[in-house]
Each structure stands twice: as C-alpha cells, then as structure tokens.
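Taken in order, these protein sequences are the chains called A and B.
According to numbering that gives the first Met the number 0, the first sequence is numbered sequentially starting from 0.
According to numbering that gives the first Met the number 0, the second sequence is numbered sequentially starting from 0.
Keep in mind that the hints are not guaranteed to be accurate.
[As the list claims (entries may be wrong)] Here are the simulated DSS-like pairs of lysine-lysine, each with C-alpha atoms no more than 30 Å apart in a straight line: (1) B:77 / A:248; (2) A:163 / B:77; (3) A:217 / A:185; (4) A:165 / B:83; (5) B:77 / A:251.
[As the list claims (entries may be wrong)] Short, incomplete list of chain B residues facing chain A, as computed with Cβ under 10 Å: (6) 38; (7) 39; (8) 46; (9) 49; (10) 53.
Everything labelled a hint here was simulated from the structure, so no lab data went into it.
Small disclaimer: the values here were computed from a predicted structure and weren't measured.
Where is the CB? At the ideal position from N, CA and C, for every residue including glycine.
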Amino acid sequence: MKKVAVIGGGVTGLEAASQLAQMGYTVTVFEKNSAAGGHVSKWDRLFPNRRHSIEVVNELKSYLNGNPAIYLSTAINKVTKKDNRFQLEAYNQVFEADAVLIATGFELFPAERKEEYGYGIYDNVITSAELEGMFKENGYPVKRNGDKPKRLAFIHCVGSRDEKVKRPYCSKVCCVTAVKQAIEVKEAIPEAEIFCLYMDLRMFGPGYEDLYKEAQQKGINFIRGRLSEASELEGSRVLIKTEDTLSSKPLKMSVDMVVLMVGMSPAQGTDELIAALGLQPNKDGFVEITDYHLNPVKTKVDGVFAAGACTGPNNITDSINAARSAAVEIHKYLNNK
Amino acid sequence: MIDFGFAPMEVSVHNMDTADLSLAHWINLHDETFNHCIACGSCAATCTAGQFTNFSFREVCHAIRRGEIKSAIDESEKCMLCGKCTLVCPRNVNTRNIIMLIRKANLTFRP
Ligand SMILES: Cc1cc2nc3c(=O)[nH]c(=O)nc-3n(C[C@H](O)[C@H](O)[C@H](O)COP(=O)(O)OP(=O)(O)OC[C@H]3O[C@@H](n4cnc5c(N)ncnc54)[C@H](O)[C@@H]3O)c2cc1C
Ligand code: SF4
Ligand code: SF4
Ligand code: SF4
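Isolated chain B (complex conformation) (with noise of 0.2 Å):
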C-alpha cells in the first residue's frame, strides 16, 4: 500500500444495523409519546436552556432515536425543567417527563 501520508477519518455515518436502539425503546415504554414528535422544533424555538447554550430537546430526543446515547444522557443536563416545550407541542409529547427519563436511564444506559 502507498502511504499518503494520512488515515482515512472514522466513519461518520448512521449504521442503523448496529445503533443502539435501547433507550429508544426504554423510553418509549414509559412515555409513548416519545414517538409521536414530528420534528417541528416549537419546543427548541421556546426553549429557555437553548438561548444560551446550543441545546435542542428535539435534537436530544434525534440523536436517541439514532443511537447517539452518551451524547444525548450528557445533553439532557442542560434543561432546566421549565416546560415552555410542553406548552407548545403541537404533538403534546410529554417533554419534561422524556427529559426526567433520559436522566434516570443515565444509570442503567450510558456506555
């Protein structure tokens, strides 16, 4: 093999095949309407946390459902648990519960 001096970047890809699904699945047990965002970004657009640092409850809930899990355990701390989301879903998803979910999986989920 020629050495060009520089290795190939680790693979930025979503690998459903081998994404971890659990929280996922974890959370939507307890809270179904975790699968019923429709990705609109009210909640994010009101949210108090997300003015100041780059933090988006529906980003959080993207990356879970993608298999980002550490990320997104780590990214849950920055909610304050104000619920301006919850008054604006149009989808009624019960965010600061799925906020309090994520928080409690830290324990048993987070690689």
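Bound conformation, chain A alone (with noise of 0.2 Å):
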C-alpha cells in the first residue's frame, strides 16, 4: 500500500490524515510536540459559536486507531526527494513516503518585538492566546496580583498589517477573536469595561458580524485608532496612546489589563523544511501554493501538497476544508504515478 506523511498534528494533519487512511493509504502523522491537535488545543471555546475546542480537538484524535499513526514528539527537520519517494528526516531517523503534505501550521507573533507595547516588561500586557489559557484555566482573566481586571484593552492588528516589522498581511481571526473575548470578559466580569482599538473590524466569516453586534449590544466599546504605545502607571495599571481616528484627536486611557491581538507568523523551521525541496517560502514567509482559485493545496513539487496555517493565516473552517482538498489531490496524485 502506498504511505502518505504528513507533517504537523494540529487540525489540518489530523483531518487530512483521517481522510487519506478512509480511501485506502497507509497514513503517517509527524508531530514535533508531545501531543497532538496543534493550536487548537490551547484555545477555550472556539468563534462563531463558542463551542469548547476540546470537541473538536478530540474527534480529530480519535481517528488516530493506527492507520493513521502518529509519532509524537517527532519534528521533522528536512524533507527530500529521489525517484518519486520521499525521504523525511527527524533527530537521527529517516522514515519514507510515496507523498508528503506540510501541514506545519503558524507561530504566534512574538509580542515582545512590539517593544512599545511593553509585552514582557509591564505586568498587564498579555496576549490573546494567553487569556485563552485564562479562560481555561479560571474562566475569567486575572492580573498577575490575582485580582480580577476592571477595565480592559483589547489591541487589533498586533504583528499583523505593520510592515515595520515584516507582517504586512492580515492575519484573519484576530478581529473576531477579540470581539469573542471582549464578550466572554464581560460575561465573566460584568462590571468590567471593556475596548477595543481596531482600524478596520474584519468580520468575514459566518456569524462573525452578529459577534460584533451582540458585542456593541453588550457595551463594548470600539475605539478606531491603532495603539501608539504603553506605559506603566503606579498599580501595574497600564497608559495606552491613540489617535481616536473619528473625532480626529489623540487619546489616552488607563486600564486594568491589555490584551494584544497577536497575529499569526509562519512557523519556525518550515523554510528549512521546504528548502532542501527546493521550495521557497512565498513574501510573506509562509508555504507558497501554485494556483490560489483551482489547487489551493498544490506546491511547485510534484507529490508535495500544502494545507493549513502554514500557507497563510486562517480558521479551523479553512483549515478542514484545506485538509479534505489535499487528500482528494494526494489521492489523484497517487493513482496517476
């Protein structure tokens, strides 16, 4: 039977993996962490409905029954191709395949390299995915004194659409993720005040625009202008800066917490991966596809095919989507060799 590997276990491998085992092909799955289900699983509950990701997560997981197998804690660090098989290399082994899918996923932005926003440096300022570890956790954001935020910024586009630090891109969820958030805080924390400093609201997706509106419905305030910078106040409170673009006036605020939006980076270790394919990285570093409307799956390699995070920002909802056309593309590609 011919085998198929595929790199990265979040919901992209997995689904795609389940799929290639169903027609027939003995399915191999890569996953450099000690378990499986990618970001995925270190989100609380999931836009547009909310629903926990542990659902999710653990429906994809249990298709793993041994066709597919997963090997764990398994990062694959190069890839090669010699008479029409592929050669994967991991830490000191080397496993075979008649066809590889990169499903490698993203890297969070690192935040600290927004120096101005003070990430890393002032107690308040955390990221997006750190307060889904919050709601995980306590189901509520905490301070780093342990009490609950009274007051909150939510802070739009944070390693995303800012070419002073090479993410020119949009990366998609962030938009509605913080709209999400801003809502679960206030449900938590009723008393809580809650904005959010965006340039534009990207709602793009079903049932993303009734998430801004339950938000306004809520109270949540938008504020159109982008954060300039933060500082810190006596407390741990933190001073943030903007143009409140609509009144054409700088302003600043004091809160409690602020929240970073941070975007979704290509992730570590995949252009090596893809180098030695010869492959390279499209401009904005993620894996390059060769045909955006007809093949969003196909690389410049014949049998190896790209789906995920890891050709661009996206939702879970892209992401299966993705996973399914790169098993039917796998599938043709295998049965016309």
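Take the two lone chains and join them into the complex the hints point to.
Right, dumping it as structure tokens:
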C-alpha cells in the first residue's frame, strides 16, 4: 500500500490523515509536540459559536487508530525527493513516503518585538493566546496580582498589517477573536469596562458580524485607532495612547489589563524543511501554493502538498476544507503515478 | 416663496464630482507612499505637534484626498518635522517628505 507522510498533527494534519486512511493509504502523522491538536488545543471556546475546543480536538484525535498512526515528539527537519520517493529526516531517524503533506501550521507573533507595547516588561500586558489559557484555567482573566481586571483594552493587529515588523498581511482571525473574548470577559466580569482598538473590523465569516453586534449590545466600546504606545502607571495599570481617528484627536486612557491580539506568523523551521525540496516561502514567509483558485494545496514539487495555516492565516473551517482538498489531490497524484 | 427668515446653509457635502484632487495626484506622483496610508492614526497619536494643537498628519492627508487643499496646506505649517510619525507608520508612509511636498505645493496649488 502506498504511504503518505503528514508533517504536523494540528487540526489540518489530523483531518487530512483521517481522510487519506479512509481512502486506503497507509498514513503516518509526525508531530513535534508531545500531544496532537496543534494550536486549537490551547484555545478555550471557539468562534463563531463558542463551542469548546476540546470537542473538536478530541474528535480529530479519535481518528488515530493505528492507521493513521502518529509519531509524537518527532519534529521533521528536512524532506528530500529521490526517484519519486520522499525521505523525511527527524532527529536520528529517517522515514520514507510516496507523498508528503506539509501541515506545520503557524506560530504566534512574538509580541515582545513590538517593544513600545510593553509585553514582557509590564505586568498586565498579555496576549490573546494567554487570555485563552486564563479562560481555560479560571473562566476569567486575572491580573498578575491575582485580581480580576475591571477595565481592559483589546489591541487589534499586533504583528499584522505592520511593515515595521515585516508582517504586512492581515491575520484574519484576530478581529473576531477580540470580539469573542471581549464578550466572554463581559460575561465573566459584568462590571468590566472593555475597549477594542481597531483599524478595520474584518468580520468575514459566518456569524462574525453577529458577534460584533452582540458585543455592541453588551456595551463593548470600539475606538478606531491603532495603539501607538503603552506605559506602566502606579499599581501596574497601563496607560495607552492612540488617535481617535473618527474625531481626529489623540486619545489616552488607563486600563487594568491590555490584551494584544497577536497575529499568525509562519512556523519556524518550515523554511528549512521545504528548502531541501527546492521550495521557496512566499513573500509573507508562508509555504507557497501554485494556484490560489483551482488548486490551493499544490506546491511546485510533484508529490508535495501543503494545507492549513502553514500556507497563510486561516480559521478551523479553512483548515478542514484545505485538509480534505489535499486528501483528494494526494489521491489523484498517487493514482496517476 | 414664503420667507422663513433664514437661508439654507452652505452645503457641507464632499462633492467628489467637483473636488479638486490635483494636489493629491501631484503628491502621489512625487511620493507614492502618500497613497499607502491605512488611516490607522499612529502618526497623529505620537505626533509632538498634535499634543498641543489639533493637528493630525492623517487628517491633513485625508483633506487633500477630498480636495480641501487650502486647509490642508495651512495645517501642514504646524508640523515640526520631528519624524516621530515616520518611526511608527505601519505602512512606511514617508510622512516628513509628504509634509515638505505639501509646503512646496503651497506656491502652485493654493487656491
Ligand atoms: C488566538 C487565536 C485564537 C483562535 N481561535 C479560533 C477559533 O475560535 N475558531 C477557529 O476556527 N479558529 C481559531 N483560530 C485559528 C486556528 O488556531 C487555526 O486555524 C488552526 O490552528 C490551524 O491549524 P493547523 O493544523 O493548520 O496549524 P497548527 O494548529 O499550528 O498545527 C500545526 C502542528 O504542526 C506541528 N509542527 C510544526 N512544525 C513541525 C515539524 N517540523 N515537524 C512536526 N510537527 C510540526 C505543530 O507542533 C502543530 O501541532 C485562532 C487562532 C489564534 C491565533
Ligand atoms: S483580523 Fe483584524 S486584528 Fe487581525 S490582522 Fe486583520 S484587521 Fe488586524
Ligand atoms: S514630523 Fe510632523 S507630523 Fe510627524 S510627528 Fe513630527 S510634528 Fe508630527
Ligand atoms: S501612521 Fe501611516 S498609515 Fe497610519 S494614519 Fe499615519 S500615515 Fe497613515
């Protein structure tokens, strides 16, 4: 039976592996972490309908019943092609396959690179991903001193739409995540005052605009301006500054907590992984696909496919669609070989 | 006509059919980053001049795009050319150069 290697055991890799196994291929997933599920297993409740992420991850993991098999704690560092076969190199191990799916996902933008926002310096500047962790752990956000914050600001586009940090693209999911998280904070701490600092609210998916309206109904405040800088005040409060572009006046305010909506950056290591195959990342650093309309999972190398967040910012729906699309393309490729 | 004792106000509408976009075109010709602005307001939020007067680089550029040339040229005088805005602009708009262009344009374009 022909063998397919899937690199990355996030939602994309797991879904594709399950589809390919059902088609009769021998499928192996390689996951560098000690558990499968990727980033989604770090989130608490998901947009658009606030379903618990664990439901999604557990269902996908339940497909791992021998075929597909999974190697955990196995990072693939290099892939090479010889005589239509692929060699996958992990730390002191080599695996073989007839086709390869790259599903290495993304990495969170390192917020400390926006030094002027004070992440890693001020006590109560956190990332959206850390807020998901707090929801998972306590059901509400906590300040460094253990108290519940009463006034919070969500900062959109941190490490996205920003040429100063070489992230010119929009990360797609952070607007709706901010609005979702704002609603969740308001529900957990009803007396909290919440502000979203945005440039555009990109509510492109089903149910997203409804979440925005729900946030408005719950009294979340929207300020149209990008954060210019943050500084720490007494009592670990944070002073933030922006321009209120709708009234053309500089605006400042102090809050108990700042949540940075960190963008989706290319996963480290994927560059080197594909370099040995002769593949280049696209201009934003993600894996390049050859046809954005008619074949959004095909790379320039025959037999190598890419799906999910490793090709650019996306949500779970996009990931699952790309995974299935990749399964079909891999099937076509192996059938014609 | 019945005289109600007051006249209609001067229309306060952006009429893009008659707006004078010559300065906008001219600036863009000399510095294409003029059109890269996404109106985020970072420049105005960090602006030294904007803390004391109601001056916003973003607003000046916007006025030019709507044909409000005179007010834009007048406003541009408030800039101190300190360059803080250039450091923060996420689209790498060449802010100081654009201010210089607006000032230079004063001679040719001021209505
Ligand atoms: C803050 C935040 C909240 C979000 N909330 C939602 C939401 O509510 N709803 C929604 O639909 N979407 C949400 N998303 C988007 C969602 O997280 C992504 O769409 C999804 O994680 C993409 O899945 P993936 O499998 O492609 O990538 P990932 O989740 O990144 O998984 C990739 C996997 O590959 C592994 N890997 C990487 N390199 C290697 C290697 N060299 N060898 C072996 N393994 C490797 C990684 O360890 C990881 O497990 C959110 C995103 C962010 C940033
Ligand atoms: S989705 Fe929203 S917050 Fe995220 S990068 Fe795009 S515009 Fe910015
Ligand atoms: S260069 Fe001019 S517009 Fe820019 S920050 Fe300085 S004073 Fe403000
Ligand atoms: S900082 Fe740059 S993109 Fe933002 S409003 Fe100013 S000129 Fe435009």
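Okay, the hints, checked on the actual structure:
no.: 1; hint: B:77 / A:248; verdict: 15 Å, holds
no.: 2; hint: A:163 / B:77; verdict: 26 Å, holds
no.: 3; hint: A:217 / A:185; verdict: 8 Å, holds
no.: 4; hint: A:165 / B:83; verdict: 19 Å, holds
no.: 5; hint: B:77 / A:251; verdict: 22 Å, holds
no.: 6; hint: 38; verdict: 6 Å, holds
no.: 7; hint: 39; verdict: 4 Å, holds
no.: 8; hint: 46; verdict: 8 Å, holds
no.: 9; hint: 49; verdict: 6 Å, holds
no.: 10; hint: 53; verdict: 7 Å, holds
This entry satisfies every hint, going by the numbered hints stated previously.
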